[in-house]
Amino acid sequence: MPVSCTTNCGRKAILRRPKTGTSLCKECFFDAFETEVHHTITSGKLFYPRQLVAIGASGGKDSTVLAYVMKFLNDKYDYKLNLMLLSIDEGITGYRDDSLNTVKENKNDYQLPLKILSYQNLYGWTMDRVVEEVGKKNNCTFCGVFRRQALERGAVMMGASCIATGHNADDIAETVLMNIMRGDVARLGRCCAAITSSDGALPRVKPLKFCYEKEIVMYAYFRKLKYFSTECVYAPNAYRGHARNFLKELERIRPSVIMDIIHSGENLVFQTGIKTPQQGTCSSCGHVSSQELCQACTLLLSLNEGKAKQGVSKKSHKIRST
Amino acid sequence: MGSDSLKISVHFGGGAEILFDNLKQHDLELPLDNGTWNLKRLIAWIRDNKMKSKQELFVKDDSVRPGILVLVNDTDWDLLGQTEYELCDGDQVHFISTLHGG
Numbered sequence: 021m022p023v024s025c026t027t028n029c030g031r032k033a034i035l036r037r038p039k040t041g042t043s044l045c046k047e048c049f050f051d052a053f054e055t056e057v058h059h060t061i062t063s064g065k066l067f068y069p070r071q072l073v074a075i076g077a078s079g080g081k082d083s084t085v086l087a088y089v090m091k092f093l094n095d096k097y098d099y100k101l102n103l104m105l106l107s108i109d110e111g112i113t114g115y116r117d118d119s120l121n122t123v124k125e126n127k128n129d130y131q132l133p134l135k136i137l138s139y140q141n142l143y144g145w146t147m148d149r150v151v152e153e154v155g156k157k158n159n160c161t162f163c164g165v166f167r168r169q170a171l172e173r174g175a176v177m178m179g180a181s182c183i184a185t186g187h188n189a190d191d192i193a194e195t196v197l198m199n200i201m202r203g204d205v206a207r208l209g210r211c212c213a214a215i216t217s218s219d220g221a222l223p224r225v226k227p228l229k230f231c232y233e234k235e236i237v238m239y240a241y242f243r244k245l246k247y248f249s250t251e252c253v254y255a256p257n258a259y260r261g262h263a264r265n266f267l268k269e270l271e272r273i274r275p276s277v278i279m280d281i282i283h284s285g286e287n288l289v290f291q292t293g294i295k296t297p298q299q300g301t302c303s304s305c306g307h308v309s310s311q312e313l314c315q316a317c318t319l320l321l322s323l324n325e326g327k328a329k330q331g332v333s334k335k336s337h338k339i340r341s342t
Numbered sequence: 080m081g082s083d084s085l086k087i088s089v090h091f092g093g094g095a096e097i098l099f100d101n102l103k104q105h106d107l108e109l110p111l112d113n114g115t116w117n118l119k120r121l122i123a124w125i126r127d128n129k130m131k132s133k134q135e136l137f138v139k140d141d142s143v144r145p146g147i148l149v150l151v152n153d154t155d156w157d158l159l160g161q162t163e164y165e166l167c168d169g170d171q172v173h174f175i176s177t178l179h180g181g
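Residue numbers (this note's numbering), protein chains in the order written: chain A, 21 to 342; chain B, 80 to 181.
Note that these hints are calculated values from the structure, not bench results.
Be a bit skeptical, because a hint or two may be false.
Claimed, not checked - Pairs of lysine-lysine, DSSO-like flavour, derived with a Cα cap of 30 Å:
#1 Lys139(B) x Lys39(A)
#2 Lys119(B) x Lys32(A)
#3 Lys133(B) x Lys244(A)
#4 Lys119(B) x Lys156(A)
#5 Lys32(A) x Lys131(B)
#6 Lys246(A) x Lys129(B)
#7 Lys244(A) x Lys129(B)
#8 Lys131(B) x Lys46(A)
#9 Lys157(A) x Lys119(B)
#10 Lys268(A) x Lys103(B)
#11 Lys103(B) x Lys244(A)
#12 Lys103(B) x Lys124(A)
#13 Lys139(B) x Lys246(A)
#14 Lys268(A) x Lys139(B)
#15 Lys244(A) x Lys86(B)
#16 Lys133(B) x Lys246(A)
#17 Lys103(B) x Lys246(A)
#18 Lys131(B) x Lys157(A)
#19 Lys246(A) x Lys131(B)
#20 Lys86(B) x Lys156(A)
#21 Lys131(B) x Lys268(A)
#22 Lys131(B) x Lys65(A)
#23 Lys39(A) x Lys129(B)
As the structure is a prediction and not an experimental result, all values here were calculated from the model.
Take the sequences, apply the hints, and build the full model.
Structure, rendered in structure tokens:
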């Protein structure tokens with residue numbers, strides 16, 4: 021027996037939203053999804069008029085939906101934003117080369133300018149070579165650090181004043197779990213914000229912050245958006261995989277858990293007397309850093325000196341002040 | 080008109096097709112017997128007949144691995160009773176994986 025759309029519009033429901041438990045038809049689902057992203061943007065004051073925004077685009081499901089929805093909302097609500105696509109080529113054979121073709125299609129479909137930067141050009145190292153040097157356990161650390169800086173540099177080159185990424189609710193909940201599991205107090209305090217910014221670095225925004233991964237995939241499916249869907253070849257060894265598996269099991273039992281974890285992450289209060297790293301600038305490249313050398317320079321130094329394993333040792337993130 | 084098989088089409092997307100020789104669409108004729116053909120049975124049948132390896136990437140216990148979305152005729156299986164949904168002739172079943180980078 022078909023289920024009717026909860027809004028009483030008379031149409032047949034096509035999905036049950038994990039976030040709310042309501043059953044919606046296609047049109048009402050599009051409307052709900054888009055309106056919620058609009059609400060995240062306006063209530064979080066993520067943008068201002070005439071701003072140049074670089075959308076981090078990988079060709080994957082999240083950034084494809086992000087590009088589509090941002091263009092849609094920019095037109096519908098007249099945000100007056102100038103949108104651009106920014107893509108990073110990490111140099112992972114068989115993974116990134118294919119997804120970049122999808123980004124190029126996005127560029128044409130959405131009529132947005134596109135810039136592609138590569139690790140090879142920026143750092144002189146592809147991820148394939150980094151993995152050869154470092155092995156498969158800590159390579160994701162290198163990639164994450166390099167990518168953040170690459171996005172920053174690319175955005176500055178394009179004249180953008182902020183970077184929008186497609187991080188979704190599942191990603192943020194996973195990050196909260198990971199930071200709890202590793203006792204990373206500094207990151208726990210920052211990871212739930214919709215805008216992260218610090219002196220000298222471009223603000224980074226996450227308009228899809230409250231969108232469940234399932235809904236992003238459903239949105240892309242019913243809107244017939246093309247995206248590239250393969251796991252990074254190095255991902256199976258990533259620590260995040262543990263958090264992801266755990267989260268997926270939890271979601272099956274109680275779908276609201278994803279929003280609940282984000283809520284908890286946003287409301288964590290730390291004890292007084294905990295010293296957290298102060299943010300300064302890197303003495304080598306001037307990028308934001310809590311140490312004398314920023315992480316990218318530290319990692320690059322170790323790669324170039326052939327001592328790559330030293331770069332990823334964990335300094336204490338929590339130092340009692342007495 | 081009687082027929083001794085149930086004809087459905089199974090589609091794999093979002094990367095799940097990699098587990099099935101990169102073939103996105105599989106047209107199946109399932110034998111009609113005394114048993115009920117529901118999604119639970121279909122998933123087990125796919126595991127046993129269409130997968131030579133890595134079954135744990137598609138199936139978990141009696142259902143699909145968490146993170147794989149299931150649609151029947153463009154409708155979320157959460158609205159249809161999930162694994163208990165009984166297949167009809169001509170059904171289009173989609174398995175879409177969400178388990179990859181965005």
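Here's how the hints hold up against the structure:
no.: 1; hint: Lys139(B) x Lys39(A); in the structure: holds (23 Å)
no.: 2; hint: Lys119(B) x Lys32(A); in the structure: holds (24 Å)
no.: 3; hint: Lys133(B) x Lys244(A); in the structure: holds (29 Å)
no.: 4; hint: Lys119(B) x Lys156(A); in the structure: violated (37 Å)
no.: 5; hint: Lys32(A) x Lys131(B); in the structure: violated (38 Å)
no.: 6; hint: Lys246(A) x Lys129(B); in the structure: holds (26 Å)
no.: 7; hint: Lys244(A) x Lys129(B); in the structure: holds (27 Å)
no.: 8; hint: Lys131(B) x Lys46(A); in the structure: violated (36 Å)
no.: 9; hint: Lys157(A) x Lys119(B); in the structure: violated (37 Å)
no.: 10; hint: Lys268(A) x Lys103(B); in the structure: holds (24 Å)
no.: 11; hint: Lys103(B) x Lys244(A); in the structure: holds (16 Å)
no.: 12; hint: Lys103(B) x Lys124(A); in the structure: holds (23 Å)
no.: 13; hint: Lys139(B) x Lys246(A); in the structure: holds (28 Å)
no.: 14; hint: Lys268(A) x Lys139(B); in the structure: holds (12 Å)
no.: 15; hint: Lys244(A) x Lys86(B); in the structure: holds (26 Å)
no.: 16; hint: Lys133(B) x Lys246(A); in the structure: holds (26 Å)
no.: 17; hint: Lys103(B) x Lys246(A); in the structure: holds (15 Å)
no.: 18; hint: Lys131(B) x Lys157(A); in the structure: holds (29 Å)
no.: 19; hint: Lys246(A) x Lys131(B); in the structure: holds (29 Å)
no.: 20; hint: Lys86(B) x Lys156(A); in the structure: violated (45 Å)
no.: 21; hint: Lys131(B) x Lys268(A); in the structure: holds (25 Å)
no.: 22; hint: Lys131(B) x Lys65(A); in the structure: violated (51 Å)
no.: 23; hint: Lys39(A) x Lys129(B); in the structure: violated (33 Å)
In this structure, the earlier hints numbered 4, 5, 8, 9, 20, 22 and 23 are contradicted, and the remaining ones agree with it.
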